[in-house]
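Engineer: Sequence:
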Amino acid sequence: MSDFVRLVGLLRVFVSTNRYLCLMKRYYPFTGLIISLFVALLSYVLRTAREDMTSSAYSAIGSFTNTFLSWLVVQWVIQREHPRHYAWKGLLAVTGCMCISLLLFYATRDVAEIRERAEAAQRGMRAVHFLLLLRGMVIGGFLFFIAYLLRMTVLNQRSRLENERLKKENLQARLNLMQEQLSPHFLFNSLGTLRTMVTDPAPRAFIQRLADVYRYLLNSRQADMVELRQELDFVQAYLHILQERFEGALLVTLDIADHCLSMKLPPMTLQLLVENAIKHNVVDTVSPLGLSISTIGADTVTVRNSLRLKRSADTKSGTGLHNIRERYRLLTGRTIEVLQTPEEFVVSIFLVKS
Numbered sequence: 004m005s006d007f008v009r010l011v012g013l014l015r016v017f018v019s020t021n022r023y024l025c026l027m028k029r030y031y032p033f034t035g036l037i038i039s040l041f042v043a044l045l046s047y048v049l050r051t052a053r054e055d056m057t058s059s060a061y062s063a064i065g066s067f068t069n070t071f072l073s074w075l076v077v078q079w080v081i082q083r084e085h086p087r088h089y090a091w092k093g094l095l096a097v098t099g100c101m102c103i104s105l106l107l108f109y110a111t112r113d114v115a116e117i118r119e120r121a122e123a124a125q126r127g128m129r130a131v132h133f134l135l136l137l138r139g140m141v142i143g144g145f146l147f148f149i150a151y152l153l154r155m156t157v158l159n160q161r162s163r164l165e166n167e168r169l170k171k172e173n174l175q176a177r178l179n180l181m182q183e184q185l186s187p188h189f190l191f192n193s194l195g196t197l198r199t200m201v202t203d204p205a206p207r208a209f210i211q212r213l214a215d216v217y218r219y220l221l222n223s224r225q226a227d228m229v230e231l232r233q234e235l236d237f238v239q240a241y242l243h244i245l246q247e248r249f250e251g252a253l254l255v256t257l258d259i260a261d262h263c264l265s266m267k268l269p270p271m272t273l274q275l276l277v278e279n280a281i282k283h284n285v286v287d288t289v290s291p292l293g294l295s296i297s298t299i300g301a302d303t304v305t306v307r308n309s310l311r312l313k314r315s316a317d318t319k320s321g322t323g324l325h326n327i328r329e330r331y332r333l334l335t336g337r338t339i340e341v342l343q344t345p346e347e348f349v350v351s352i353f354l355v356k357s
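Residue numbers (the working numbering): 4 to 357.
These are calculated hints, taken from the structure and not from any lab test.
Some hints could be false.
Unchecked claim - The calculated lysine-lysine pairs, modelled on DSBU-like cross-linking and capped at a C-alpha distance of 35 Å, are:
{"hint": "1", "residue 1": "Lys356", "residue 2": "Lys267"}
{"hint": "2", "residue 1": "Lys282", "residue 2": "Lys171"}
{"hint": "3", "residue 1": "Lys267", "residue 2": "Lys282"}
{"hint": "4", "residue 1": "Lys282", "residue 2": "Lys356"}
{"hint": "5", "residue 1": "Lys356", "residue 2": "Lys171"}
{"hint": "6", "residue 1": "Lys282", "residue 2": "Lys313"}
{"hint": "7", "residue 1": "Lys282", "residue 2": "Lys170"}
{"hint": "8", "residue 1": "Lys170", "residue 2": "Lys267"}
{"hint": "9", "residue 1": "Lys267", "residue 2": "Lys313"}
{"hint": "10", "residue 1": "Lys171", "residue 2": "Lys267"}
{"hint": "11", "residue 1": "Lys170", "residue 2": "Lys356"}
Given the structure is predicted, the values throughout are model-derived calculations rather than measurements.
Starting from the given sequences, assemble the full structure and let the hints guide the process.
Structural biologist: Below, the structure written as structure tokens:
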């Protein structure tokens, strides 16, 4: 039993250490160690000319500790989301380094070497405090400058990688468009011909709606954003096809404010949400599936459906929502809001002004 307890204890230590190392990796500890070692060696060399080796070694150790702790504080500040402006980040980081300089002095003031130096100060503790704050200010400013350059380098590298990924995806999308261009045009033209051959109103209306769907797909393929008015026309044509398929098993309501019709969103966003509702829920005439598309506030459109999930394995793939999130993140820098309750599933989409 004791061996098992020891094993559990070792595992806890390993997990804690692993988390600590992952956290430290974000703060570039190796870079901080190199800078701290350089400052410590510089302090040692400058003091060996007028002090003995022991005093110089104490100074080097103190400089190394102070610089490394200050580096961690600077990294912590510069990687925080708030404050956003780097001027405020720099002020906060330098202030933290000044506090570290004072706290480190008081934590080690009982060391004989440090106590003797403090007592030998000609102007007393005020001079000591002033020198400590000045040292913290100089070290903090120097470290923040290095950390800022490192931060900008990392962000620029991430931006270049993101741009390369977007270029690659764009080229792949264009290739797919060229490969698939023939088939939709052929089908769309065939639907127009078929509509002229049918005389019954119901089949003619169905064919017209199907042609409207394909016309929108063809026209919006290369568009990043479309007006909500166009997207709604497309969704209504798509819903007409679904209602013919499910008859009375699909109940749809639309409540769209007029001021939102000219606002924009990525094409086929609403259609994907409607398709997800049909794909993941049971649709039957005994208990019809409720689906509503409405606007809320000045710039939000909401798609909600009643929740009766299927028991199939593919209902939790989340591919459609993931694609919508990625498109919104890349095009607008924002995301969508998803809310699931025992009774309904709600997705809120933010509209963009023209």
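Engineer: All the hints need checking, so say for each whether the structure fits it.
Structural biologist: Against the structure, the hints come out as follows:
Between Lys356 and Lys267, the direct Cα distance comes to roughly 6 Å. Compliance with the 35 Å bound is thereby established for this hinted pair. Under the criterion of a C-alpha separation no larger than 35 Å, the hint pairing Lys282 with Lys171 is consistent with the structure, at around 30 Å. The straight-line distance between the Cα atoms of Lys267 and Lys282 is roughly 26 Å, inside the 35 Å bound, and the hint therefore holds. This hinted pair checks out: Lys282 and Lys356 have alpha carbons roughly 31 Å apart, not beyond 35 Å.
A distance of roughly 28 Å separates the Cα atoms of Lys356 and Lys171; the hinted pair therefore holds under the 35 Å criterion. With a C-alpha separation of about 8 Å, the suggested pairing of Lys282 with Lys313 holds against the 35 Å cut-off. For the hint pairing Lys282 with Lys170, the CA-to-CA distance comes to about 32 Å; that is within 35 Å, so the pair holds. Restraint check for Lys170 and Lys267: satisfied, since their Cα atoms lie roughly 23 Å apart, inside the 35 Å limit.
For the hint pairing Lys267 with Lys313, the CA-to-CA distance comes to about 33 Å; that is within 35 Å, so the pair holds. Between Lys171 and Lys267, the direct Cα distance comes to roughly 25 Å. Compliance with the 35 Å bound is thereby established for this hinted pair. Proposed proximity of Lys170 and Lys356 is supported: the alpha carbons are some 26 Å apart, at most 35 Å.
When each numbered hint is compared with the structure, no violation occurs for any of them.
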